[in-house]
Amino acid sequence: MANIVVLVKQVPDTNARIVISDNRVDLSSVKMVMSPYDEFAVETALQHREASGGEVTAITVGGAMADKVLKDAKAIGVDHIVRIDCDSFVDSNSLQSIISNAISEIGADVVYCGKAAADTGAGSTGPGIAERLGWASVSNIISATFADNVSVVAPAQGGNARISVTLPAVISCDKGNIKVRKPNVRGIMQAKKAQVDVKSVSAPASSINVISHSLPPSKPAGKTYEGGESAAEVAQLLRDEANVI
Amino acid sequence: MSQTIVIAEIAKGAIHPTTAELVTAANTLGNAPIVIVPCEDATIADSASAIQGISKVIALKSELFATYDALGWATAIDAVAPSGIIVTSANPQSKDLAARLAARRNIPVVQDVVAIDGGNLTSPIYSGKAMQTVSTSGDAVISVRANIFTASAQGGSADVSVVDATGDMATAVEEFLARVSTRLDVAEANIIISGGRGMGSPDNFSHLEKIADTIGAAVGASRAAVDTWDEISHSMQVGQTGKTVNPNLYIAVGISGAIQHLAGMRSSKYIVAINKDADAPIFQHADYGIVATWEEALPVLQAALSAMMN
Ligand SMILES: Cc1cc2nc3c(=O)[nH]c(=O)nc-3n(C[C@H](O)[C@H](O)[C@H](O)COP(=O)(O)OP(=O)(O)OC[C@H]3O[C@@H](n4cnc5c(N)ncnc54)[C@H](O)[C@@H]3O)c2cc1C
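Just so you know, the protein sequences line up as chains A and B, in that order.
So that you can map any letter, position 158 of the first sequence is 158 in this note's numbering, and since no number is skipped, the others follow by simple counting.
So that you can map any letter, position 118 of the second sequence is 363 in this note's numbering, and since no number is skipped, the others follow by simple counting.
The following block holds chain A by itself, in its conformation from the complex (with noise of 0.2 Å):
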């Protein structure tokens, strides 16, 4: 049996398109979905149940508009849904303190997150809570199997690897050959009719502040050709503008 934490974030759709106003990014008319590695981690954190027995316990962190994504959780099938009730910025620091504390309240076994969430793409959260957690932790895993030690295949030294690792721990998921499961009908009737758990909590001071947004720079207008034949020409361009070849 195996109290099995995966955490989840809602970010906008990797399709929206990120609009600017007033040096902010205003996500106001953007569709806001689970962040693409965390179907990964979900889909992992229920094959360990499956193969270990236990329940699974979705996480996430934000205001009442983030339940959509722990119900679409449920609607895949964890057990239970807990909401960290936080809605403004926090940095890494204070928003992985919050999570951990809610962790250890919750008694897990093992955590298992995105590699990376698709806002702000940074990967802090699995290793950083592993580290306040005092846990091994493995991060970006193509695939998993489960016994009294999880067994994971990750990134090493340029190839692959497979790992074994000692729990507790907090394992972050990469793409890989997870294929997810889609929720059934039964699932979203469940989904619909299941209660977020919702915890208060008070966010130590960041010491990071957002000074502000802005779009990429634009790169100028490239050249274009039409042909097969052109290629040539381009590959001169490569080696004589470009330097690259």
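Hints were generated in silico from the structure; no laboratory data involved.
Computed from a predicted model, the values in this text were never measured in an experiment.
Cβ pair distances, simulated, as ranges: (1) Thr288/B to Asp197/A: 52 to 58 Å; (2) Ile211/A to Ser328/B: 21 to 27 Å; (3) Lys521/B to Gly63/A: 45 to 51 Å.
Ideal Cβ positions, reconstructed from N, Cα and C, are used throughout, including at glycine.
On the provided structure of chain A, position chain B with the ligand as indicated by the hints.
Coordinates of chain B with the ligand only, in the frame set by chain A:
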């Protein structure tokens, strides 16, 4: 001025050239850094001492550094690094270590920094669709993207001290898996040629491999190619759910240029696109666009590049 500490980037048992870029970044954040070299063999640290603009080198020697274990490495490095601003590279392993070190010290971490202006740090967010600038006060751990900061010049002669590290591994490598392909990995390459669904079949990737062999490039792929054909392995995937790459040259063949693909390669220095559809979004990001089928364009490109290399 803050003390700064650079964690040297090690690849294939030697100091990676990116380390000299980290030294430049550290010098813009505070005093000349102490460079910590996690190693099994302390002699590799000598090449770090030749980088200009550093105060000293600590060769942190242990068998622990044979394979990466987040807990073990962070414990050992934390024990020798003074307090200050720690700078690492932004490859996946170093970002992981950066997060560990920051959490261990209860200080924040800022990942993927591409610009430093006083205490203000800028990183891409939303897969490069926007930039975020934050201010820091006090100690922090900062990972810095490669190919952004000018490498600090050679010719220095900082002192090297060797420190023996101890630590426990919390994970164990059971076996290294044979690499499916002996080709260069996209994450390590200066030139990448990638194929998408427009390649029609996995066999046609041989045309990309031929060009890759000619110019020393790695072969990458779009997610559509990876998901459609078993022969195209996920390790080749570039993009949101694949690898983020930052080569000097990225050649996209039969790739439409979906936002999730761009997420992984838009910061490439030069982008070439070959696509039969003049309206494909990839052309908006290409420095050189070729509107043609790959069947027409690749043989010409191959011939021209071969002629140049001879
Ligand atoms: C959450 C999420 C994550 C994703 N992550 C990634 C990711 O990491 N990486 C990624 O790549 N995608 C990713 N995608 C998928 C992405 O949205 C696109 O579906 C994918 O990039 C399309 O791949 P493609 O360009 O090869 O195929 P298509 O979009 O089908 O484009 C094929 C192109 O080939 C051209 N073509 C056809 N025949 C020829 C020919 N003979 N010669 C020349 N050109 C030809 C066509 O004009 C077309 O432009 C993700 C999607 C989601 C929702």
